[in-house]
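The listed protein sequences derive, respectively, from chains A and B.
Just so you know, we're using the working numbering here: the first sequence kicks off at 1 and counts up by one.
Just so you know, we're using the working numbering here: the second sequence kicks off at 258 and counts up by one.
For the record, the hints were derived by calculation from the structure and aren't laboratory data.
Just to be clear, a hint being listed does not mean it is correct.
What the hints assert, rightly or not - Straight-line C-alpha distance at most 27 Å; calculated BS3-like pairs for lysine-lysine:
hint	chain 1	residue 1	chain 2	residue 2
1	B	K279	B	K321
2	B	K316	A	K131
3	A	K128	B	K318
So you can see what is in the structure, the chains are spelled out below.
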Amino acid sequence: MPLLGAPVDLEQPDQPGQSAPETTQPQAGTSWKRTNKWRPAQAGTASGCFAVESVGSGTIGLFKPRNVAQEKISSDLARAVGVKVPEVHLGKIEGVPGTGAISMAHGKESLDLQHLQQQKPDLYTSAKMTKALKDASGLLAFHAWVGTGDLKDAHLVVAEDDAQNYVVGAVDFADALRAGGDAQAPAGPPALISNVDKQVVAATVDRIEKCSDSQIESIVNAVPDDVLPRAEKDRVAAYLKTRRGQVRNAMHQRGWI
Amino acid sequence: MTTRRQIQWVRVEYQPDLQTPKVPVPMGVIVAENFPGSHTAGVVIIGREPRDPKNPPAKLKETKDLGFAQLIGWVSGVARDILAAPPADFFSHVSSRWRWNLYVAETESLEVATSTSLLELAGRLYTKHVGEEITDLPIVRKAPPRRRRTTVWDRREAAVPLPVAAAPAS
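Isolated chain A, as found in the complex:
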């Protein structure tokens, strides 16, 4: 499977993997550069993000120079447990120190749910969108597991798959994998909390609980040491292993399973 240029398959649900995703390791020789094909100014603000394209395929993504490990690990874990988070690759850009997280688009046409709600309220409240939100309920369990903090509808993205169904995914895990304490039910995003499908949540909790120690370690340890030092990798792996067994109770407490 090529690392770059492989579009997110929105039609098929991610298969919960028994090993780390194939795309965890950047392909040797892959290089990225700043792009003029997509240049949202938001990318150049305080977050330090900017749009890039792969030199070979021309695929575009958003280069995030900060919280690189959080973005990469969360994306790979999401794929392992069958929830939608756009694919993240690691890469370097000429003139920018260090390795960044390159977040790929969720679909050809994609926007966040807060924006959609304001621009096209009838589409936001459509049965098709409601189904997509219910299908994305597993993200609530996932957020509880990885400890995502910044939970809002602007961090949910929607795209259409080949079968013309909407698919909702989550973005921005900059503050995940940090919070101490037990796994808690997330306080957002509101759009997900208003559309909980208990069966989807329960299935996701099952997959999180079945995510093995070796899977977790494989995903965490795939991040280069210059991005996440060894001691931090050990902390993150332990964090995930501990909280894996707490997600079910957190979902129960909110009545989501």
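With chain A's structure known, arrange chain B on it following the hints.
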């Protein structure tokens, strides 16, 4: 006496495909300046929107619902977001909202003659960026109005006056 003044403006573009990108489609401009001594900023938005999703412009032939959700009504949507933004930094607020297929690009600065109106300047920048000449903005009208309407685009304009914080007393 100052004969030049500083303007800020941004290009608005549409990328039809965020996975296999095409050449971005220019959609319009947002032009702003602080009016000296009035504690007011003026913002002019000039943009084009597809008139009918069932008969889209050639560059938007493959656009679907989520694309049109961004394209149709974007001029009024940006104006609404400017009004809701902190006046001192509305470009950042707007660009944080418009960052998907339809996006606001980086802010650019421009020095212009004081005699040039903001609306006239916005019209010129629109023509430069989008490639469509404007002959029917009142301020730049040099001949009897002649609507250059095509069957696939509607041009829309919005002007937004904003209060800005008074300069601190020195």
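Hints, verified against the model:
1. Our distance criterion of 27 Å between C-alpha atoms is met by K279 of chain B and K321 of chain B, whose separation comes to about 15 Å.
2. For the proposed pair K316 of chain B and K131 of chain A, the alpha carbon gap of about 31 Å is over 27 Å, so the pair is violated.
3. For the hint linking K128 of chain A to K318 of chain B, the alpha-carbon distance of about 23 Å falls within 27 Å, and the restraint holds.
Of the numbered hints listed earlier, the single one contradicted by the structure is hint 2.
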